[in-house]
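Engineer: Protein sequence lines, in the order shown, are assigned to chains A and B. In terms of this note's numbering, the first sequence opens at residue 1 and continues consecutively. In terms of this note's numbering, the second sequence opens at residue 1 and continues consecutively.
Mixed in with the good hints, there may be bad ones.
[Claimed, not checked] Just a few of them, taken from the derived set where beta-carbon distance is under 10 Å, the chain B residues facing chain A: (1) V11; (2) F13; (3) D18; (4) G54; (5) R71; (6) L75; (7) L80; (8) E81; (9) L93; (10) F98.
[To be verified] Just the calculated beta-carbon pair ranges, DEER-fashion: (11) B:T45 x A:G68: 48 to 56 Å; (12) B:D32 x A:G68: 54 to 62 Å; (13) B:T72 x A:A100: 15 to 23 Å; (14) A:K50 x B:E111: 33 to 41 Å; (15) A:R69 x B:E81: 39 to 47 Å; (16) B:E111 x A:G48: 37 to 45 Å; (17) A:E106 x B:E106: 50 to 58 Å; (18) A:L46 x B:L93: 22 to 30 Å; (19) B:R69 x A:K74: 54 to 62 Å; (20) B:A19 x A:E111: 38 to 46 Å.
Keep in mind that the hints were calculated from the coordinates and are not lab data. Backbone N, C-alpha and C define an ideal beta-carbon position, used for all residues, glycine too.
2 protein chains.
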Amino acid sequence: MVQYNRSDLDVSFAALSDATRRGVLEQLWRGDASITDLAEKFHMTLTGMKKHIGVLEQAGFVTTKKLGRVRTCKLGQRRLEEEAAWIDKYRKLWDARFDALDQVVEEIKQEEKHDERNRKK
Amino acid sequence: MVQYNRSDLDVSFAALSDATRRGVLEQLWRGDASITDLAEKFHMTLTGMKKHIGVLEQAGFVTTKKLGRVRTCKLGQRRLEEEAAWIDKYRKLWDARFDALDQVVEEIKQEEKHDERNRKK
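Isolated chain A (complex conformation) (with noise of 0.2 Å):
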């Protein structure tokens, strides 16, 4: 099944899937940096770096500038919010989810030692 429309969180969390563009982006929290640079820091060729830097880029995690033959790198606008406020909104959900499951297990107990109490009677 082909999605043609991705949405914004389709594209920035796909770009986060790898572990090399997660590193790409911890390099540039340190400072810009050439493609050429990076492709070397993480042992990759300048066509594998570039592919990496493109998806990166297309996410608006990385801003590229081209200075004569070299490409400099550095960190986007983008700053997860709204990857953080669904992942946040996950959590929360699966908390209360999981907690109203302990509060029906719970009750159970409740009345199975409510029943006890009576069958004792």
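Given the structure of chain A, go ahead and fit chain B onto it with the hints provided.
Structural biologist: Frame of chain A; chain B shown alone:
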């Protein structure tokens, strides 16, 4: 470049990079559902939905159980802790980096003002 050794974060971010799969998780917050129900709800073939459920199951977001001819899906044990931690770290470092940039810009402005005052003397 193929990564043979995919980390947990790779698998989970990839699982989240599809609007249908995120929708299925939101649906399962509300209660367990069969693959047939989910396929209908998301206007998808049974084969398409099975594939999505497989991805979610591999990432630990969903567990399934077959009873007779019906396979029921429920929310798995994965609480997105690692994912939330990574995104949180990213956001903090992003803020620190751009705050530091603001600080540098402010320092430059102050120096310019200082130079201007000195020139006027």
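Engineer: Next, verify each hint and record whether it holds.
Structural biologist: Now the hints, each set against the structure:
The beta carbon of V11 (chain B) comes within 8 Å of a beta carbon in chain A, closer than 10 Å, and the hint placing it at the interface holds. Look at F13 (chain B): its Cβ gets to within about 4 Å of chain A, closer than 10 Å, so that hint holds up. With a cut of 10 Å, the hint placing D18 (chain B) at the interface with chain A holds, because the nearest CB-to-CB distance is about 6 Å. Hint status for G54 (chain B): violated, given a least beta-carbon distance of 13 Å to chain A, over 10 Å.
At its closest, the beta carbon of R71 (chain B) sits 18 Å from a beta carbon of chain A; the interface hint therefore is violated under the 10 Å criterion. The closest approach between the C-beta of L75 (chain B) and any C-beta of chain A is roughly 6 Å, which is under the 10 Å cut-off, so the hint is satisfied. A hinted interface residue such as L80 (chain B) counts as satisfied when its beta carbon comes closer than 10 Å to some beta carbon of chain A; here the least separation is about 5 Å, so the hint holds. A cut of 10 Å between beta carbons decides the hint on E81 (chain B): the least distance to chain A is about 8 Å, and the hint holds.
The interface hint given for L93 (chain B) holds, since its Cβ lies 5 Å from the closest Cβ of chain A, which is under the 10 Å cut-off. A hinted interface residue such as F98 (chain B) counts as satisfied when its beta carbon comes closer than 10 Å to some beta carbon of chain A; here the least separation is about 8 Å, so the hint holds. Restraint check, T45 (chain B) to G68 (chain A): a C-beta distance of roughly 52 Å satisfies the suggested window 48 to 56 Å. One distance hint, 54 to 62 Å for the beta-carbon pair D32 (chain B) and G68 (chain A), holds here, with the actual separation near 59 Å.
Between T72 (chain B) and A100 (chain A) the beta carbons are some 18 Å apart, a value that agrees with the proposed interval 15 to 23 Å. Under the hint 33 to 41 Å, the C-beta atoms of K50 (chain A) and E111 (chain B), about 38 Å apart, fit the expected range. The hinted range of 39 to 47 Å is satisfied by R69 (chain A) and E81 (chain B), whose Cβ atoms lie roughly 44 Å apart. In this structure the supplied range 37 to 45 Å holds for E111 (chain B) paired with G48 (chain A), their Cβ-Cβ distance being about 42 Å.
The hinted range of 50 to 58 Å is satisfied by E106 (chain A) and E106 (chain B), whose Cβ atoms lie roughly 55 Å apart. Checked against the given bound of 22 to 30 Å, the beta carbons of L46 (chain A) and L93 (chain B), roughly 26 Å apart, stay inside it. A hinted range of 54 to 62 Å holds for the C-beta pair R69 (chain B) and K74 (chain A), which are about 55 Å apart. Evaluation of the 38 to 46 Å hint for A19 (chain B) and E111 (chain A) yields a pass: the beta carbon distance comes to about 41 Å.
Of the numbered hints stated above, those contradicted by the structure are hints 4 and 5, listed in ascending order.
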